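Asker: Chains as they are written, first to last, in the numbering used here: chain A, 1 to 264; chain B, 265 to 589.
Wrong hints could be hidden among the right ones.
Unchecked claim - Pairwise CB distance ranges (calculated):
#1 K63(A) with A302(B): 30 to 40 Å
#2 G291(B) with S67(A): 35 to 45 Å
#3 G234(A) with C518(B): 24 to 34 Å
#4 L315(B) with K211(A): 45 to 55 Å
#5 G530(B) with E247(A): 29 to 39 Å
#6 E196(A) with L566(B): 37 to 47 Å
#7 K173(A) with D578(B): 39 to 49 Å
Simulated from the structure, these hints should not be mistaken for laboratory data.
Quantities reported herein were computed from a predicted structural model and do not represent experimental measurements.
Note that the Cβ used here is the ideal one computed from N, Cα and C, for glycine as well.
Next come the chains, spelled out residue by residue.
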Amino acid sequence: MTDNFQSVKNILLVLSGKGGVGKSSVTTQLALSLSLQGFKVGILDIDLTGPSIPRIFQAEDSKIVQSHHGWIPVSSTNGIKLISIGFLIKDRGDSIVWRGAKKSAMIKQFITDVNWGELDYLIIDTPPGTSDEHISIVEELSAYREKIIGGVIVTTPQLISLEDVRKEINFCKLVKLEIIGIVENMNGFVCPHCKECTNIFSSKGGEILAKELSLKYLGRLPIDPKYNELVESGKLAKYQDSEIYNEYFKIIMEQIDVRSISKE
Amino acid sequence: MITVEAPNIQKIENPNLKEPEPEHCPGPESEDAGKGDACDGCANQEICESLPKGPDPDMNLINERLKDIKHKVLVLSGKGGVGKTTFTTMLSWALAADEDLEIGAMDLDICGPSLPRMLGAKGESVHASNSGWTPVYVNDNLGMMSIGFMLPEDDSAIVWRGAKKNGLIKQFLKDVDWGKLDYLVIDTPPGTSDEHISVNTYLKESGIDGALVVTTPQEVALLDVRKEIDFCRKANIKILGLVENMSGFVCPGCKNESMIFKPTTGGGKALCEELGIPFLGAVPLDPRIGKACDDGESFLDLYPDSPASTAILDVVDALIESIES
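The shape of chain B in the complex, shown without the other chains:
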């Protein structure tokens, strides 16, 4: 019996090629690309011959743009709807609470950009000048920029294949004028595809401090998060830690706690122990978080004494510690 297997999943592929590189490939960007012994009969030969040689000139522009940013943190999760954007928002508000820090929040979700609404910047327009796109300031020391700002009106679906998305991400990284920042928090869409490969490629030289991985407690989410962690390993992205969101719900009526998304396999904590990743904490479900996000207000400011706020700030502290160490 022959079972079917998915092809070539062990390595991150070169985006320009049709097939994975053969064993003695001279390298698609090298001077000998397409001319080596291994190139004869390779499906990529023609592509390699025509690829631009040497380093990508845009990389210098991206590096120049981002050179005054001290720390870059990716917010990732294999699973959608677990709270990546919510956490990006919370982390940004929390970091910006220190007036001496300059914070930027960047949204890379092209098909479903939610960060403008959550940070209260929905409907803002961005300004382009000679020096590039200026971020929208939602606070004295908190600027944000969404790839959504570069797209046509609200409800229109962005029906783009990957290649087009990559072009936009590159332009976005190249053209946004962040200036000096202590932290840039980067929100990503779910999955392990074009956006993730691109942001990692384009930020490789200027350096990513690492990733904050967000999950919810149930196994269906953890399974996708495992894959995201596997992606980080393949892409050499350091994992700063994992946070478990929507962990338990306290009924406002009777104050009893229910596990809405049951951690039948041990939740985020067990996954961290298994894979050797720092577990940064668990944040309970609180209906007021969703409301604050819909309204673009800071939950941390509105309900500073709530258990969820305390939990979020603990996670932020643990994360900063992980970045600084």
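In isolation and in its complexed conformation, chain A is listed as follows:
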């Protein structure tokens, strides 16, 4: 079998110890932003029990096809290539009740069997925690270490989230995964009626944590129902005109400065 990963140039991971903080949302926005800059982008969703990528890209009915050269990823309307276990189940409500060993086998297959074609960036969306999926992906990628440019850590500002995120950061250190920086998501909500901003989940937690641990603070994203609406109505093509991209995510992209850390 040929090495399917040969034509993947750079690998990024999106991580957080905590669930529901916006890992898949940041993964999506990273992919869209890189794609807008003209790069070829793929997303590998290794959240096996709660995959969100198919829904976010409105591609839930798509299937992964087996070819002579391996599994062919689903192509989103934005031209982003997608792999997720969500494409491998018959009914969207099916649960994947697997213990660790089986999850690891699936992740191994994602790495060995998918024919990505030419990719400038492969972004890996991870589940919460520091368990089987995380250990497996690091192990499976060990042969491609030179392609990994690092992990983006996502958190929300409140203490309860930061505590789990600290654990994830320690996990990254343990497995020697470079941390690109921290994104603080769900920072403030601007009332559409009176424009007053409420910090529903507190504020600045991510920024303070970054400072304390000498990590790069990449920026913040507000709670933005308009972004959720883009996702829900399948209008991700309009992302480049959105406020969240122009006012917030562009800053994060500048901070990441992907060109300076890319391998090729």
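Fit chain B to the given chain A structure using the hints.
Answerer: This is chain B only, laid out in the frame that chain A set:
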């Protein structure tokens, strides 16, 4: 064109086996395990021959430990960050408001245990005696125990594969000395994996009353919650009801309500109607909930008149009714 499908997702697998059991499998724990006709050529044959036969002796110990607990409730959600631990906390405070009841709260999240902080027991140490681990009492009639208490210091990541987690969960269920309880509320991590399979297996004999499923209104969360409900069906766990958290936000400035996580597909209520599950209610977003949780204080005590408190207590009442019926 051949499409790729995920293997063996219709049944909960036996944790000890490499492959699913074949059609005429004598049963991996039976006396004939590994010796039946179906065993020849089965990938599990060697494993089955070496598995201990008969019932797991630890099950008796777990049953003995939990025999004086009247009701056990699991708090579940396929999705992370929807408020499982927040709701476990609220439910515990609310139940403990009745001084005649004895309440226990148990945290099974190994990689991200948050219950100690939310119940104001952060930094407490637990004591082990001859009779086992003693829960931390945060109130006269509210004890709590987190699997986090059994782990090394604060920030260290618990980088464990499933098998090791299962061992700890078993030990945890076996060794914590709850004594007599009216309710034990069990908080779980997101997903449908080792922790969930284990707790269900180990509590099967002593009995789980059912599960409270927590969701937020948007479809990305509901999709994962569907999977959790599917898991409950596969595992024969009764669903006591579903609560929708973070449902709407009232601006403290102008008092207008915004749907922050829009229920574009009808939210928790529509899901309940579709799947035939009791809908227990919706709890609005209130920034003071997060603050109270960070501080380990009871939101219900601090803001008894807030709309969120009223909504939470309504859900708790509906849940108790569902348990008692």
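Asker: All the hints need checking, so say for each whether the structure fits it.
Answerer: Hints versus structure:
| no. | hint | result |
| --- | --- | --- |
| 1 | K63(A) with A302(B): 30 to 40 Å | 33 Å, holds |
| 2 | G291(B) with S67(A): 35 to 45 Å | 40 Å, holds |
| 3 | G234(A) with C518(B): 24 to 34 Å | 31 Å, holds |
| 4 | L315(B) with K211(A): 45 to 55 Å | 52 Å, holds |
| 5 | G530(B) with E247(A): 29 to 39 Å | 31 Å, holds |
| 6 | E196(A) with L566(B): 37 to 47 Å | 23 Å, violated |
| 7 | K173(A) with D578(B): 39 to 49 Å | 45 Å, holds |
Hint 6 alone, counting from the list given before, is not met by this structure.
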